[in-house]
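*Asks:* Listed in order, the protein sequences are those of chains A and B. Numbering-wise (this note's numbering), the first sequence opens with residue 1 and increments by one. Numbering-wise (this note's numbering), the second sequence opens with residue 1 and increments by one.
The hints are simulated quantities; they were obtained by calculation from the structure and are not laboratory data. Hints should not be assumed to be uniformly reliable.
[Unchecked claim] Simulated pairs of lysine-lysine, DSSO-like, Cα-Cα distance not exceeding 27 Å: (1) A/LYS189 - B/LYS224; (2) A/LYS231 - A/LYS205; (3) A/LYS205 - A/LYS104; (4) B/LYS91 - B/LYS107; (5) A/LYS205 - B/LYS113; (6) B/LYS184 - A/LYS189; (7) B/LYS211 - B/LYS224; (8) B/LYS107 - A/LYS205; (9) B/LYS93 - A/LYS189; (10) B/LYS29 - B/LYS264; (11) B/LYS224 - B/LYS113; (12) B/LYS7 - A/LYS205; (13) B/LYS348 - A/LYS205; (14) B/LYS91 - A/LYS205; (15) B/LYS184 - B/LYS122.
[Stated by the list, open to error] Derived, one-sided and incomplete: chain B residues facing chain A with beta-carbon distance under 7 Å: (16) LEU52; (17) GLY58; (18) MET79; (19) HIS89.
Backbone N, C-alpha and C fix where the C-beta goes; we use that ideal spot for every residue, glycine too.
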Amino acid sequence: MKKMPAMLGDRAICYFFLFPTLVLLLFLIGYPFIMLIFNSFFRYSVLRPAIPAEFIGLDNYLFFLTDEYTWARFVFTGKFVIMAVSIQFFLGVFISYLMQTKFKGRDVVFTLILTPMMLCPIIVGLFWRYLFNAEWGLVNYLLSLVGVPFIDWLGNPTYSLWATIIADTWMWTPFTILLATAAFSGIPKALYEAADVDGASASFKFLHITLPLSAPVLVIALLLRLIDSFKQFDLFYALTGGGPGDATQTVSFLLYKTAFQYFYTGEASALGMILLVIIIGLASIFIRYLMSLTERQQT
Amino acid sequence: MAEVTLKGLEKYYGDVLAVDSIDLTIQDKEFVVLLGPSGCGKTTTLRCITGLERPTSGEILFDGERVDHLLPATRNVAMVFQFFALYPHLKAKNIITFPLRARKLPKDQIREKLEWVTEMFKLSHLLDRYVGGMPPGDKQKIALARAIVREPNVLLLDEPLSALDEKYREEMRWQLGHIQRELKVTTVYVTHDQREAMSLADRIILMRDGKIVQEAPPEEIYQKPATIFSGYFIGSPGMNMFNVALEDNKLMVGEKRIPLFLPKPQQKSLAEAGEKDLVIGIRPEFLSFSKEKPGDDVPSLPVKIFSTEQIGNYKIFNFRIDETIFHGMVDKANPLEGEGVALFQMDKARFFHRESGKALF
Chain A
1 MKKMPAMLGD
11 RAICYFFLFP
21 TLVLLLFLIG
31 YPFIMLIFNS
41 FFRYSVLRPA
51 IPAEFIGLDN
61 YLFFLTDEYT
71 WARFVFTGKF
81 VIMAVSIQFF
91 LGVFISYLMQ
101 TKFKGRDVVF
111 TLILTPMMLC
121 PIIVGLFWRY
131 LFNAEWGLVN
141 YLLSLVGVPF
151 IDWLGNPTYS
161 LWATIIADTW
171 MWTPFTILLA
181 TAAFSGIPKA
191 LYEAADVDGA
201 SASFKFLHIT
211 LPLSAPVLVI
221 ALLLRLIDSF
231 KQFDLFYALT
241 GGGPGDATQT
251 VSFLLYKTAF
261 QYFYTGEASA
271 LGMILLVIII
281 GLASIFIRYL
291 MSLTERQQT
Chain B
1 MAEVTLKGLE
11 KYYGDVLAVD
21 SIDLTIQDKE
31 FVVLLGPSGC
41 GKTTTLRCIT
51 GLERPTSGEI
61 LFDGERVDHL
71 LPATRNVAMV
81 FQFFALYPHL
91 KAKNIITFPL
101 RARKLPKDQI
111 REKLEWVTEM
121 FKLSHLLDRY
131 VGGMPPGDKQ
141 KIALARAIVR
151 EPNVLLLDEP
161 LSALDEKYRE
171 EMRWQLGHIQ
181 RELKVTTVYV
191 THDQREAMSL
201 ADRIILMRDG
211 KIVQEAPPEE
221 IYQKPATIFS
231 GYFIGSPGMN
241 MFNVALEDNK
251 LMVGEKRIPL
261 FLPKPQQKSL
271 AEAGEKDLVI
281 GIRPEFLSFS
291 KEKPGDDVPS
301 LPVKIFSTEQ
311 IGNYKIFNFR
321 IDETIFHGMV
331 DKANPLEGEG
341 VALFQMDKAR
351 FFHRESGKAL
361 F
């Protein structure tokens, strides 16, 4: 048999196969990313290509970081993220814990529970918009049956925050349920049997076995939900349109408006960078925690 | 400490009968080994005693009180699992104290008991480590410490040594026996390894197809197997079994009907039993080999050795009669090869009924 030329070692073949994907990645992620950083230092609008881009240093960043209006958007986004994600997370873990016990028709119930997650966010937004309609929406009708007075869900800043949280929770709790179920069922049955013999109560088992052993997966679920809800846009777009006024405008909504309604490309790039830094920061905290979790279980 | 009684214990998994109405009493402080091939129902029986399985019917009693409706936690039993079932996210000390913390014992008591088992198993260097990277032997010690720490009424062990390598297994076997005698805890031990059973048990419960085949102390079960299965399963190599037919006070061996001399005492016993179709069982150590044919009044058969093995001080020699392979075991260095005669110590042989497999005497 003829020997392979030394040039084509395993490593070379590896790069050879990676090459097309790397080129694609470079053009689809690398180039836009570099342009994003580049543009963020300029006063520039894609709508006015004739006006040359003017270098203004960090002015775009300074603008957003000192702007009270932007700050209010961050505060709203933070509120939304913390409330929505914590509700979804606890609800999801709780439901998947209940789903661990066998009952008739569990598979059907499980599949039904997962469906909201598979829908398109815009559709979900529109769908809840009708449900929350103050005049003839189903939600107010049902509440009126139990004697709750009329609520202007989408016209009042506080209620519209809750409306978005409810819609987001309805759509994304299944995601936590899915991951938590996977995590729970990955725990060896023998550990529970050992704990049974050791005299552990159901709550003791949950706190000392189920939770710590599923923690790595739960942390990933939490992280994904945090990132996802932080950049949540389409649900708001369809459900509240950012209203009433600007009350439910998230940072990503603001970004969308800056970039594609006002076409302040330079400013939008800076805001995009700020968002990116925040999300990477969040992610790295979680990833560090995750690493420490998996490390200690292996040593 | 407790006496454990099983009355008509039965367990079905769907249509499969795993345990077939077992009656058994385990004395207080006794070390009992459930021995048998895989699928014989020994582990299921153990899990029923633990409370991890609910018996389909029958009763389980601890000191005369029914416990089969109780959860494992309230039976005060401890179990060592085949693959340890140690909590991977906890340090060794927290694994060991888990049952105490689950029962909400005061902190100083927990510390005392931890010190006690740490001393007993020489664990101090492992306490602050996670079990993930530990060798099986250390895991085993921690699993045992977790079981012992709460001073259970009954200690249940499910093939606890099967994950250890040979060398370490012997050491742990010795240590286990030592600890059990020291703590005087009623112990039920499940294994398929007859050597473990022989060396540890006060009493061996030999099981097959969900039933108890024989229950006896190791010596007795070795020397007086109650069935062909007992003789075959216990001992290494197991008992040699061969078909014989009784004709005019003479034994005819195998298809070729080779005569084998039967000494007077056995002749008498056989006449009393009144059976013609028999199986004889004889342990390898009661077979020997000679190049010269002895007198007619010595039980012997002409054979040809086809292989030998040296095991420590002993030599095993193998020969065939019809399709049955016989193993003999001798410690003398006399020549072991080629053709000659196999000598049978018939007074040490066991006679079984061929149909039922039950021992006659």
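*Asks:* For a C-alpha distance cap of 27 Å, please report whether B/LYS91 and B/LYS107 respect it.
*Replies:* 17 Å, holds
*Asks:* Would you check the hint for A/LYS231 and A/LYS205, treating anything up to 27 Å between C-alpha atoms as holding?
*Replies:* 36 Å, violated
*Asks:* Between B/LYS211 and B/LYS224, is the straight-line Cα distance small enough, at 27 Å or below?
*Replies:* 19 Å, holds
*Asks:* Measure nothing beyond the straight line between the CA atoms of B/LYS93 and A/LYS189; if it is 27 Å or shorter, mark the hint as holding.
*Replies:* Cα-Cα ~22 Å, so holds.
*Asks:* If you draw a straight line from the CA of B/LYS91 to the CA of A/LYS205, is it 27 Å or shorter?
*Replies:* 17 Å, holds
*Asks:* Would the hint on B/GLY58 be counted as holding, given a Cβ-Cβ threshold of 7 Å to chain A?
*Replies:* 21 Å, violated
*Asks:* So if I understand the rule, the pair passes when the alpha-carbon distance is 27 Å or less; does A/LYS205 with B/LYS113 pass?
*Replies:* 22 Å, holds
*Asks:* At a threshold of 7 Å, is the proposed contact between B/MET79 and chain A supported by beta-carbon distances?
*Replies:* OK, holds: B/MET79 within 7 Å of chain A, min 5 Å.
*Asks:* When you check the alpha-carbon spacing of A/LYS205 and A/LYS104, does it fall within 27 Å?
*Replies:* Holds: A/LYS205 and A/LYS104 sit about 24 Å apart, inside 27 Å.
*Asks:* Once the shortest beta carbon distance from B/HIS89 to chain A is found, is it less than 7 Å?
*Replies:* 4 Å, holds
*Asks:* Per the CB criterion, is B/LEU52 less than 7 Å away from chain A?
*Replies:* 5 Å, holds
*Asks:* Given the hinted pair B/LYS29 and B/LYS264, is their Cα-Cα distance within 27 Å?
*Replies:* Distance ~44 Å between B/LYS29 and B/LYS264 Cα, so the pair is violated.
Of the hints listed earlier, those the structure fails to meet are numbers 1, 2, 6, 10, 11, 12, 13, 17, in rising order.
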